[in-house]
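**Student:** Chains as they are written, first to last, in this note's numbering: chain A, 1 to 270; chain B, 1 to 275.
Everything labelled a hint here was simulated from the structure, so no lab data went into it.
We treat Cβ as the ideally placed atom computed from N, Cα and C, and that holds for glycine.
Any given hint could turn out to be false.
[To be verified] Here are some of the chain A residues that sit facing chain B, going by a computed Cβ distance under 7 Å:
#, residue
1, T133
2, T161
3, L164
4, R165
5, P168
6, T169
7, R214
8, L218
9, A221
10, C224
11, R225
12, Y227
13, G232
14, R233
15, T234
16, T238
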Amino acid sequence: MIRDVTLGQFIPSNSIIHKADPRVKIVLLISFIVLIFCAFNFMSLALVTAMILGIIILSDVPVKMYFKSLKVIIVIILITSMLNMFYGTGEPIWQFGFLKLTLSGIYRAVFVTVRIILLILISSCLTFTTSPTDLTDAIERLMKPLKVFHIKVHEIAMMMTIALRFVPTLLEETDKIMSAQKARGADMESGGLIKKVKSMTPVLIPLFVSAFRRAYDLAMAMECRCYQGGDGRTRMKTLHIHRLDIFCIVFTALVITGVVLCDIFIVPII
Amino acid sequence: MSYISASNVKFSYDEKGKNVLNGVNLKVNKGEFVALLGHNGCGKSTMAKTLNAMLLPKEGVVYIDGMDTSDDEVTYEIRRNVGLVLQNPDNQLVASIIEEDVAFGPENLGLEPKEIRRRVDNALKAVDMYEYRTHAPHKLSGGQKQRVAIAGIIAMEPSCIVFDEPTAMLDPNGREEVMRTIKTLKEKGITIVLITHYMDEAVLADRVIVMDNGEILIEGAPESVFSQVNLLKKHSLDVPQATELAYKLIGVGIRFSKMPLTAYECVDFLEGVLS
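Please build the complete structure, drawing on both the sequences and the hints.
**Tutor:** Okay, here's the thing in structure tokens:
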């Protein structure tokens, strides 16, 4: 069972969104996030929502998956919208003790809810349509300019790659160690939280020992394959900006302009 | 001059400690297939690591194709030429996609993307794993993982590959796959040093070297080495099962024209005796 864990949440497909350059996707995601918080009236919010829903339809990922990612944060959405609802200013429509419901409060709650939902949807869209290796690759390339500040970009990316590679291996190992300890009579199910956490010690210690051993082996294997850090290293897969990516960038730019215009010419609601 | 030439190599892991290698002299010719045998702790893995400059001898010298392993300038040139495949296939794979893992070596060499692609495809085809190129390593069997690890070395186009007990953690099927791969590599003219516990693997080599206590005990063609059953037993080493059977039969008076090394040879011979 533990072997089937999917890494990240990548869902392979051949959609336009899958094919787009991962670097472009990351940059656009960031601009979307900014955009979501720049929508101050219903018109611009509707525009952003329409755009994000459009992307989701194009992404060819089952809608069920998006609902799943929303399910996790439903409590947060409820709490924040409740808080916002009663924090508005102006004439109360309805009052119960210290709780005052105002029109501006309701608007605010709607905006916050829609914003959080959009935020989750668009970021899950990135992880659904981009494989973890592509993501690390894109992050390495995007962060390259940070070398000026002596940030070890290549090393960070290498660490992410290795971590991704070894997550399934270590999960499998955890499974094995747990079975082995259970076979020796270890009890991991009963008792309260503290007892359960304590009963993990005989699993964690062997797991750490083995992880260190693996790290030693891997370091040697990497050196045997002439690894000398990021300098002078080339990549097999090079990323290219295609017409599709330019189209995505232009399209996003148009939407941004639309939102900005709406914000300027229509009275902000919040 | 031999491709690998080690003379009087001494090595110990800590300064005062006992020598793990105690003056090893080893010569391997280009294109030769040498099996290195010995029980646990006899220094054979340590010897393997001195061959690609992972460890430098405390005394003595190791020359690879005329290059001294203790010369810093040629360290990476040596590592490119002498690939080392380790025991645990899981701990040798770096990336979470097969083809990217195989590309790791050539990428470190700073080759052009097109050339890397060509080498990766060739290496994967050579180990018969091409159709798995976009898979994740953790979904493969042990034998397949080890073949991918071998492909990762082949992609650097080395002239020699040192295998450090490549089959020790594999099931019989995986062992068979890996040994088949090693045989095809040998046919391609790559020099092979195979360190192993399994006598039936050593039998395939051109020359067998037996190590004990950091020294070379005997060396020679498989037939001549394995016919010294008494000496090997004295150093708690095994001989192939077929040879052991023949040895016992000789004890009861049956004559063998030549020591059999594999089950087939043994069967053939026994058929002759019985008919």
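**Student:** Compare the structure with the hints numbered earlier in the document and write down the numbers of the violated ones, lowest to highest.
**Tutor:** none
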